Amino acid sequence: MPPLTTSDRQALGNPRSTASPLPVSVTDRVQWIGALDPQLRNFDIILRTANGTSYNAYAVRGSNGVAVIDTVKQEFTEAFLARLEAAAGYDEITTLVLNHLEPDHTGAVPELLERAPHVEICVSPRGVQVLRALLKDRFDEYSVRVVRTGDTISLGDRTLRFLTTPYVHWPDTQCTYLEEQDLLFTCDLFGCHFCDERLFNDQVGDFRFSFEYYFEHIMRPFKRYVIEALDLIEPLDIAMIAPSHGPILRSHPREYITHYRRLVKKRLASEVGEQKSLLIFYVSAYGATAQMAYAVYAGAAENAGVRVSLFDLQVGEVTPFVDLIEEADGLAFGTPTINGDAVKTVWDLLAGLVDIDTKGKLGAAFGSYGWTGEAVAMVEARMQGLKMRVPEKGLKIKLHPTEEELECCRDFGRRLAAQLTGTAEPREIDFADLT
Amino acid sequence: MAHAKLTFADVSLTVNVPSGTRIIEISEKVGAGITYGCREGECGTCLTRIEDGAENLSEPSVLEQRVLKENLAGRNDRLACQCQVLSGEIRVRPA
Numbered sequence: 005m006p007p008l009t010t011s012d013r014q015a016l017g018n019p020r021s022t023a024s025p026l027p028v029s030v031t032d033r034v035q036w037i038g039a040l041d042p043q044l045r046n047f048d049i050i051l052r053t054a055n056g057t058s059y060n061a062y063a064v065r066g067s068n069g070v071a072v073i074d075t076v077k078q079e080f081t082e083a084f085l086a087r088l089e090a091a092a093g094y095d096e097i098t099t100l101v102l103n104h105l106e107p108d109h110t111g112a113v114p115e116l117l118e119r120a121p122h123v124e125i126c127v128s129p130r131g132v133q134v135l136r137a138l139l140k141d142r143f144d145e146y147s148v149r150v151v152r153t154g155d156t157i158s159l160g161d162r163t164l165r166f167l168t169t170p171y172v173h174w175p176d177t178q179c180t181y182l183e184e185q186d187l188l189f190t191c192d193l194f195g196c197h198f199c200d201e202r203l204f205n206d207q208v209g210d211f212r213f214s215f216e217y218y219f220e221h222i223m224r225p226f227k228r229y230v231i232e233a234l235d236l237i238e239p240l241d242i243a244m245i246a247p248s249h250g251p252i253l254r255s256h257p258r259e260y261i262t263h264y265r266r267l268v269k270k271r272l273a274s275e276v277g278e279q280k281s282l283l284i285f286y287v288s289a290y291g292a293t294a295q296m297a298y299a300v301y302a303g304a305a306e307n308a309g310v311r312v313s314l315f316d317l318q319v320g321e322v323t324p325f326v327d328l329i330e331e332a333d334g335l336a337f338g339t340p341t342i343n344g345d346a347v348k349t350v351w352d353l354l355a356g357l358v359d360i361d362t363k364g365k366l367g368a369a370f371g372s373y374g375w376t377g378e379a380v381a382m383v384e385a386r387m388q389g390l391k392m393r394v395p396e397k398g399l400k401i402k403l404h405p406t407e408e409e410l411e412c413c414r415d416f417g418r419r420l421a422a423q424l425t426g427t428a429e430p431r432e433i434d435f436a437d438l439t
Numbered sequence: 002m003a004h005a006k007l008t009f010a011d012v013s014l015t016v017n018v019p020s021g022t023r024i025i026e027i028s029e030k031v032g033a034g035i036t037y038g039c040r041e042g043e044c045g046t047c048l049t050r051i052e053d054g055a056e057n058l059s060e061p062s063v064l065e066q067r068v069l070k071e072n073l074a075g076r077n078d079r080l081a082c083q084c085q086v087l088s089g090e091i092r093v094r095p096a
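Those protein sequences? They're chains A and B, same order as listed.
Going left to right, the first sequence walks through residues 5 to 439 as my numbering numbers them.
Going left to right, the second sequence walks through residues 2 to 96 as my numbering numbers them.
These are calculated hints, taken from the structure and not from any lab test.
None of these values were measured; they are calculated from a predicted model.
Cβ atoms here follow ideal geometry from the backbone N, Cα and C, with glycine treated the same way.
Among the clues, some could well be false.
[Stated by the list, open to error] Facing chain A, according to a computed beta carbon distance under 10 Å, are these residues of chain B, among others:
| id | residue |
| --- | --- |
| 1 | 8 |
| 2 | 11 |
| 3 | 26 |
| 4 | 32 |
| 5 | 44 |
Required output: the full structure, derived from the provided sequences and hints.
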């Protein structure tokens, strides 16, 4: 099959397979004006999309105006505008709500603003800076309204109420609630990459895998913020959830909210209790780094406030370790330096941590080396990149540790435990001591 | 040269720094959990809670004020890439 051209894909963006894309009624006042992308096989590089995706946008009609909720990816602008024009005249549009400003939802904004420059653009407080970058030197030409939780926009007999729900999954994300119809526009929240022209969850194919896969890769790193968003959403009467990707959830919408609540909960019932959890992972070529790991373990385990676990990373699977790390308070990685680098198994696990929230966890690194020992600093830098705190300078030992050096390892473990329990001795240094 | 004491609460460490030092110049070197994105005062990633000594920091610029507002920052929050330590004692942690 030859590669699809842009016009092929735009034609496929029409769920009715007619020459002129038409909107689809969601309620008597809401129309779907998005686009379908059934040939997409990879989204944002990180997500596989086995049957494509959709870019859902909506038009909401009130007695005194029409609101457009989000737009589509730039290459589907034509289909989006065709559906919009069939739903409303440009002079009727009073409001453009941008619940999230990632390019797959704002690709048609410039063309829409060319045709309807008078609209008031509603974005969250954090959305302003992205909108400024999107519109560049034309930003000041438009009317921009910053909206927060509880703010409303009247369309006459229809009212839009905003919920500021940051980090689900960008800083700018928000939801918009159509009060009179109990309809919640959630953008990426409750979305999934699943393309089906039947649009509604009670009509499309089985999208359960796509729904959970999307959560795992898009929402899971932001669980703490998903919980805050759910706290805002759960008290609402919900007749329908209209996300910006995948099926519109008009059948049993509350079940999807409940399911999100399940997904953000801890996976394993932890037995650690009030103790702090420290996980030590190591890889060892000749046993030297393993010796260090056991000594770090022994030192940390002396602290009754810390529960320490030790794993040989060489024979472990990444995914369950990621699950463990998600709930741990501290991580220590032991890696030798081979060819001037940390070993691949360590990098594989560190790369897997992109799917979880590691902000504020304690991080530490140690390892044996033959010539240079760069691996420890490399792993520390990666942990800092993961927003972890790395208060104890990494421990490097040339070849096998002596008994004296093993005591240094035990002391390293003791200091990690003290950092975890908040009992570390306060230290004071001079600026000149920093290297 | 005037000095100040800058304490990073999340790593229990105080650094004696010359007046005029930005927090960004220190925090990464000591392994504090303050993280950075653009490093130019635009993204708000380095939002930092000033637990004590806010009066000993430089006044926020117009740019920093705008970014703090757009990021819904609290009254005691500053951008670590922007604010300078001037004198006295300051205690910070990641916001």
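Consistency of the hints with the structure:
For residue 8/B, the interface hint holds, since its Cβ comes within 10 Å of a Cβ in chain A; the closest pair sits about 8 Å apart. With a cut of 10 Å, the hint placing residue 11/B at the interface with chain A holds, because the nearest CB-to-CB distance is about 5 Å. Given hint, residue 26/B at the interface with chain A, holds; its Cβ is 9 Å from that chain's nearest Cβ, closer than 10 Å. Proximity of residue 32/B to chain A holds as hinted, the smallest CB-CB distance being about 4 Å (cut-off 10 Å).
Proximity of residue 44/B to chain A holds as hinted, the smallest CB-CB distance being about 8 Å (cut-off 10 Å).
Comparing the model with each earlier hint shows no violations; every hint is respected.
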